[in-house]
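Undergrad: So the chains spell out like this:
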Amino acid sequence: MGTVTVSIVRFGGSNCDRDAEAALSHLGIDAEIVWHEDGLPAETTGVVLPGGFSYGDYLRAGAMAARSPILDEVREAAADGVPVLGVCNGAQVGCESGLTEGVFTTNRSARFQCEPVYLRVERADTPWTAAYEEGEVIEVPIAHGEGRYEITDERLEELESSGRVLFRYCDADGEVSEAANPNGSKHNVAGVLGEYETVAVLMPHPERATLPDVGGTDGQGILRGFAD
Amino acid sequence: MTAYTATVTVRLKHGVLDPEAETTRHALERLGFDLAALRSADRFEIDLEADSSDEARERAGEMADRLLANPTIHDYDVEVDER
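Here the protein sequences come in this chain order: A and B.
Numbering-wise, the first sequence is residues 53 to 280 according to the working numbering.
Numbering-wise, the second sequence is residues 3 to 85 according to the working numbering.
Extracted from the complex, chain A is given alone in its bound form (with noise of 0.2 Å):
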């Protein structure tokens, strides 16, 4: 174990915050889910919002948790440099909060979609992806029925020229298609970089492409993120 301890944001309906204390654990990350009430921990060195439906994805995905109390105090960590990750309903929680832009609506399918992808790495040289290389092709299941990416098109241009977008959807060879677009999401985008490089967002679960027990191993560079 590290001298880092990485707080794993846990709300009501949250399900994959015991996934990703295993997987971060895995890495040699000490981390510890904390309960939303009860505060971010002072010594806390990073933040994952976990994947789940917390308050039953009600008005929408995501919407109340980013507006409870425990979220000021993730925007005023990452303000000071703590890095936070954001996966699946934490990146719906992310981009609702402020902490990332855009919003993560309703797949293209109108369903629910649990299913391997492939993510195209935009660039290396953030904490979250200095493990790949840029243009790396990685192998990361999605599961989620709200993950669409919409933003509107002259912020999208902004975050595309100012390197904000980390992941795309691609086919195998790294090809960003619309055949290889999952959910509908505009220009393929996967997961996004906030205003700082240190925050992250994306809907892919890194956390189920990281105990090899489980299959690829393809994750574990995001969870790297926070060893830094």
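Fair warning: there could be bad hints in the mix.
Label pairs and their in silico Cβ distance ranges [to be verified]: (1) E84(B) x N67(A): 38 to 48 Å; (2) D132(A) x E84(B): 40 to 50 Å; (3) E81(B) x Y248(A): 38 to 48 Å; (4) L37(B) x D82(A): 50 to 60 Å; (5) E206(A) x E24(B): 19 to 29 Å; (6) S229(A) x L33(B): 33 to 43 Å; (7) S55(B) x D90(A): 37 to 47 Å; (8) L37(B) x E191(A): 34 to 44 Å.
Residues from chain A that face chain B, not an exhaustive set, calculated with beta carbons under 8 Å [stated by the list, open to error]: (9) R112; (10) R119; (11) E148; (12) G154; (13) V155; (14) T157; (15) T158; (16) A162; (17) E202; (18) I203; (19) T204; (20) G236.
None of these hints come from the bench; they were simulated from the model.
C-beta: ideal position from N, C-alpha, C; glycine also.
Based on these hints, arrange chain B on the given structure of chain A.
TA: Only chain B this time, still in chain A's reference frame:
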């Protein structure tokens, strides 16, 4: 203070894909209905006490701004009636 009902209707902005509405449209067509388009919206009916209908409208608008609507994809309107 007067009792009002503020009705907030939240719609997807023009041009934002609405897969649930599309699915509903297909289902109606399967039932034999003929329709050109279908849009869905969320409607919130908020009972509140306020000094004036303007105040009731303003407070309901704040609720929409802060929670009920997401400005990235939604427009909304507010109607206020005495209850």
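Undergrad: Check each numbered hint against the structure and report the violated ones by number, ascending.
TA: none
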